[in-house]
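Going line by line, the protein sequences match chains R and S. Counting from 0, one number per residue, gives the positions in the first sequence under numbering that gives the first Met the number 0. Counting from 0, one number per residue, gives the positions in the second sequence under numbering that gives the first Met the number 0.
Just so you know, the hints here were simulated from the structure itself, not pulled from any lab data. It should be emphasised that the depicted structure is a prediction, and the values quoted were computed from it without experimental measurement. By construction, the Cβ of each residue, glycine as well, lies at the ideal position given by its N, Cα and C atoms. There may be inaccurate statements among the hints.
Straight-line distance between alpha carbons at most 20 Å, and here's what the computed SDA-like set of lysine to any residue pairs gives [to be verified]: (1) LYS55(R) with GLU70(S); (2) LYS55(R) with LEU208(S); (3) LYS27(R) with ALA243(S); (4) LYS27(S) with LYS271(S).
The following residues of chain R were derived to be distant from chain S, with all beta-carbon distances above 10 Å [stated by the list, open to error]: (5) THR24; (6) TYR37; (7) THR134.
Label pairs and their in silico Cβ distance ranges [claimed, not checked]: (8) ILE41(R) with ASP18(S): 31 to 37 Å; (9) VAL138(R) with ALA11(S): 32 to 38 Å; (10) PRO274(S) with GLN71(R): 53 to 59 Å; (11) PRO272(S) with GLU86(R): 28 to 34 Å; (12) THR111(R) with ILE251(S): 50 to 56 Å; (13) VAL28(R) with ILE251(S): 23 to 29 Å; (14) ILE4(S) with ILE41(R): 22 to 28 Å; (15) PRO274(S) with VAL160(R): 50 to 56 Å; (16) VAL28(R) with VAL21(S): 25 to 31 Å; (17) ALA40(R) with ASN295(S): 33 to 39 Å.
Chain by chain, the residues:
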Amino acid sequence: MMSDEIPIDSQPEQADSPQVATRRTFAKVVVGGVGFCYAAAIGYPVYRFLNSPVEKAALAAAVTEITLKDAQKLPVASALIFKFGPEPCLLIHLPDGKWVALSAKCTHLGCTVQYLPDKSHIFCACHGGTYDPATGHNVAGPPPRPLKQFVVKEVTDTAVVVSRT
Amino acid sequence: MRKPIQAAYAWANERLDLDDMVKFARKKTVPEHRHSAWYYWGGITLFFFLAQAVSGVLLLLYYRPGPDAYESVRQITFDIHFGWLIRSTHSWAANLMLISIFVHMFSVYFMKAYRSPREFGWWSGIVLLMMSMVFGFSGYLLPMNELAYFATKVGLEIPASLPVIGPVMADLVRGGLEVNEFTVHRFFALHVVVLPALFIPLLGFHLWLVQKHGNALPPSEEARPAAARRSIPFFPNFMLKDLAMWLIALNILAVLAAMFPWDLGQAADPLKPAPRGIHPEWYFMSQFQVLKVFGNWLPGAAGEIIGLVWFTLGMILWCIIPLYDPRNDGGRRGRRATYFGLLALLILIVTTAWGYWAIHSETLTDARPAPPIAGAALTPHQQIRSNPPAP
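Looking at chain R on its own, in the form it has when it is part of the complex (with noise of 0.2 Å):
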């Protein structure tokens, strides 16, 4: 029935003819070229509309300082939980009225830690990682890093302030 099959390409090959060679050559960077800039304006439009929120919560992470109203009426040997652009913190009071603010994402797989001041240490219930309430120093359990450090810079009469650095 359907006879008479013609090839697009129904030139023999002649691989080994030098000007061929190049022609094919030729082709394929040009094709190769055109393919990569189409998956670029596929792939970039696309990656951008992915990462929007990234961005936002980048750009919310950049604060470098934060106000604490009314924190300063914490009592001695207790905790608050606070956000620091996108990451829960600790401000702890300690026992000898020293102020501490300490990241409270576990160094060990990123559970939110708590402050148990009967036991004066911080405790991660995930895997049972203690660390210390006054350094951050890991003392126990799976953490492989003390908790990041943040600077507790003035405790006024309305509010405390914490900074990055």
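Since the structure of chain R is already known, use the hints to place chain S on it.
Just chain S, lined up with the frame of chain R:
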């Protein structure tokens, strides 16, 4: 580099018999003749469907159905990087897909590709077309803007005019007595879960049938002796041509989406009157105009009911064509079926054009200035209109 690739191919080939597939693809041929350009339209439709699927999944990442629907589409359009482009691509691909479906359907019709043994291809294609229209209708509401709100309201009033079951059906689809946030939720579930779950297997069936029966020959080719017919291998020759068509389709889609971004419009407000010149998407225009005409002739719900009977009758006739004109022996032309197809196409085009013309002339009448009242200030628009250039 060559060696490991070949080794990996040999390993997979032992288990999956890839050579067999390649052999099958190479053996398969596609007829080549004066009308073979029409063979590409099914593939073009498939391309636009895939574009819809990809852009649709991307929109799903930020879209929120329910009371927040308009706000989330506003964020997609104005806040998210390139969100306007993804949304515009989705809308344009929807319209281009419907255009290519219509071209595909009528080319199949006039090339008599519905004849035995391809009846199921014709029927599955008709169901796919209707599902695509429901895709369009349900997707149209999702931004919950003014146009979407009224289009859905009107669209659901039509089945509601059917006696007894009509109002019950419409209320169930709406999830209330009026279009509201539950309607958006229902249409959303329909648009992204129910319809794809039905559409994709049916599309698979449709494509499998094409593999099974091959491309149909038009009567003019059937009439020629087999030795005089020409064909090209599917792989790689036809596939490369098909891919070239996809590339053209991609370029057209990209240019339209980027140069003519889809409008967002105003948020739907149930207390605001419908804007002037409101009309459905072009692929519903024919039905819209027929209903309007019948509605003017007949009082009350009778117009809508007659309209629905007319559509149902038309669809039934369109479906039974392969049974009326089943044989292709020796290039039989089947002129009566051709004339019926031409009539259907003519009715579709005329009613669509009529619909647009009616809306155009209505908006023109609205724009005509009121007789000038002494001391009343005219808007610049009215001033231009009431001062025609001197002959």
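Outcome of the hint check:
1. LYS55(R) with GLU70(S): Between LYS55(R) and GLU70(S) the Cα gap is close to 18 Å, so the pair holds against 20 Å.
2. LYS55(R) with LEU208(S): With Cα atoms ~49 Å apart, LYS55(R) and LEU208(S) exceed 20 Å; violated.
3. LYS27(R) with ALA243(S): holds (16 Å)
4. LYS27(S) with LYS271(S): violated (59 Å)
5. THR24: holds (17 Å)
6. TYR37: With a cut-off of 10 Å, TYR37(R) comes too close to chain S, as the shortest Cβ separation is near 8 Å.
7. THR134: holds (42 Å)
8. ILE41(R) with ASP18(S): 31 to 37 Å: holds (33 Å)
9. VAL138(R) with ALA11(S): 32 to 38 Å: violated (53 Å)
10. PRO274(S) with GLN71(R): 53 to 59 Å: Holds: the Cβ-Cβ distance is about 57 Å, inside 53 to 59 Å.
11. PRO272(S) with GLU86(R): 28 to 34 Å: Once the Cβ atoms are compared, 50 Å apart, the range 28 to 34 Å for GLU86(R) and PRO272(S) is violated.
12. THR111(R) with ILE251(S): 50 to 56 Å: holds (51 Å)
13. VAL28(R) with ILE251(S): 23 to 29 Å: Roughly 26 Å apart at Cβ, these two residues keep to the hinted range, so it holds.
14. ILE4(S) with ILE41(R): 22 to 28 Å: Since the Cβ atoms of ILE4(S) and ILE41(R) sit about 26 Å apart, the hinted range of 22 to 28 Å holds.
15. PRO274(S) with VAL160(R): 50 to 56 Å: holds (53 Å)
16. VAL28(R) with VAL21(S): 25 to 31 Å: Given range 25 to 31 Å: holds, Cβ gap about 27 Å.
17. ALA40(R) with ASN295(S): 33 to 39 Å: Between ALA40(R) and ASN295(S), where Cβ atoms are some 50 Å apart, the hint is violated.
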